[in-house]
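Q: With chain V fixed as given, assemble chain B onto it according to the hints.
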Amino acid sequence: MELEVHVIHYLIVSTIMMFCGIYGFFTRKNLLALLISVELMLNAANINFSVCNRYLFPDALEGHFFSLFGIAIAAAETAVAIAIIINVYRNVKQVLTDDITDLKG
Amino acid sequence: MDVTMIFSMQNELSLIAVLVIVLLADLILKRPNHKALQNLTCVLMLIHIALNVVPQTVDLFGGMYHSTPMASAVKTILSVGTLLVFMQSGQWLGREDTQHKAGEFYVLTLSTLLGMFFMVSAGSFVMFYVGLELASIPMACLVAFDKYRHHSAEAGAKFILNSMFSSAIMLYGLSFVYGTCGTTYFADLPQLLTGTPLQIMAMVFFFAGLGFKLSLVPFHMWTPDTYQGAPTPVSGYLSVISKGAAAFALMSILLKVFGNMVDNWSLLLSVVIVITITVANLFAILQENLKRFMAYSSISQAGYIMLAVLAGSEQGMSSLVYYIVVYIVANLAVFGVIGAVEQQTGGKVDRDTYNGLYRTNPKLTFVMTLALFSLAGIPPFAGFFSKFFVFASAFHSGYWIVVFLALINTIISLYYYLLIVKAMYITPSDAPVPTFRTPRMMRASLFLCLLGIVLLGICSGVFDWLTDLSVR
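Taken in order, these protein sequences are the chains called V and B. Residue 47 in our numbering is what sits at position 47 of the first sequence, and the numbering runs on without skipping anything. Residue 420 in our numbering is what sits at position 420 of the second sequence, and the numbering runs on without skipping anything.
Worth double-checking, as some hints may not be accurate.
[Stated by the list, open to error] Some chain V residues near chain B, calculated using beta-carbon distances under 8 Å:
#, residue
1, LEU34
2, VAL38
3, PHE49
4, PHE66
5, ILE73
6, ASN91
Hints in this document: simulated from the structure, not taken from any laboratory. Where is the CB? At the ideal position from N, CA and C, for every residue including glycine.
Isolated chain V (complex conformation) (with noise of 0.2 Å):
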């Protein structure tokens, strides 16, 4: 039996990833996990947009574009990130979700 591809598909792995995504956001204690979380939701959406262009709207390249952008920004995004919690390991020597807790109230 051949399976055939369509957008469905695409869409379920990407869902999947965006709510894999989302978990990990709220449950992981390591600050690098959490980075690595919302890579998966941003990915998530690149990969709706370029299915759904490649497969609904193959005339025009709109999608192939934003997601191209979304990768550019997402790579700048993790640039400043990953040199936050550098220096937030710098000041406390832990990158735990547990132990930064001075700001709250």
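A: Just chain B now, with coordinates in the frame of chain V:
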């Protein structure tokens, strides 16, 4: 296509020129150069504001960049606010651990402002997303600017992770907008967005993403931590400029793009507004730390700003921009005083510090009092009129229950704003902050804020001008 048409993006180009000149000056000038840089940046910003004071309509790149007169006026207003922040940041940047990176502060702030410019005049979601990220990535660097203060780093980490999370949520929503419509241009989207279930879900995701940036409840968790940990001028900048730009962008997108789905988003927005104002007010009463307190106050102010979005009319648009203007001067006056006292006392921002301030620093106390009165909405200060116009526009569109609940909350907010006034005037203190003089730039900026608080309400010309722009 003519290359010279890029010159009609006058507002952005002059800001880029300011940015590049400041960057080069920072490289060329001998260090420590923070005083010279501050003067240079303020003068350049003044020139930039003077060049762009006349609003105009620009449509470029096939509709990808679209600037209405109102957006143009908002850009000028944001530039004025940024200038006030620059004037207030001199003393903090003159400290020994920050004075070698004063130039970085100005360049990063200007680049976030540039991002906001592109955000408010975007004509497509691609442009909007790029502008939003240009506004929030350097902002994270600014929040974590005090590198050796643990609080600043912690606030920066919280800010960047929350901002990434919210943009991921927003992007996921936008991907469904694109998937159902096949375009990202604001001009083509309204007739394609008819309110199918998938589009409603996309709209909710988009709204949640921008709600994080605007710190509406229930997306407000990062705000108090970030405001408390960030350097005070950055908190001030974050609370007025960044919030004002996001509010205007949200309003123009909800009206222009999701205009057909008004029934779907107005209920959502009403609930969010009521929860935002109420929760923020209740938490603000509990705060002892003034920066944290101002964070909760700014959350509730964001709720009031959203009332104008709910109104969804031209009157709503002009009252939103008017509210932003008044909010900028009042909030920056408060943050200016907090910053001055913080620098003087070596980092104290608790309410107890302000006990008996009236006896030693009467002028500073006076500015702070008027600004707090304006934030609470006591006539005849500008804050009363801005609240009045926002309420009137929402009432006009028939959301009287929301307006009523917001009015009750105004009375609650009066209580906690007056707690600070009470501390300054009435509560006795054995050791009040000694009498001190702030730098000249800071005094000038506080004076400008004071003028704004008093005059913006009395001069009706400002509101008339904005109303005129919103119908043009």
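Q: Does each hint fit the structure? Answer for all of them.
A: Evaluated hints:
At a threshold of 8 Å, the smallest CB-CB gap from LEU34 of chain V to chain B is about 5 Å, leaving the interface hint in force. Given hint, VAL38 of chain V at the interface with chain B, holds; its Cβ is 4 Å from that chain's nearest Cβ, closer than 8 Å. Taking 8 Å as the C-beta cut-off, the interface hint given for PHE49 of chain V holds, the closest approach to chain B being about 5 Å. Interface hint status for PHE66 of chain V: upheld, as the beta-carbon distance to the closest one in chain B is roughly 6 Å, under 8 Å.
Hint on ILE73 of chain V holds. Least Cβ distance to chain B is approximately 5 Å, under the 8 Å limit. Hint on ASN91 of chain V holds. Least Cβ distance to chain B is approximately 4 Å, under the 8 Å limit.
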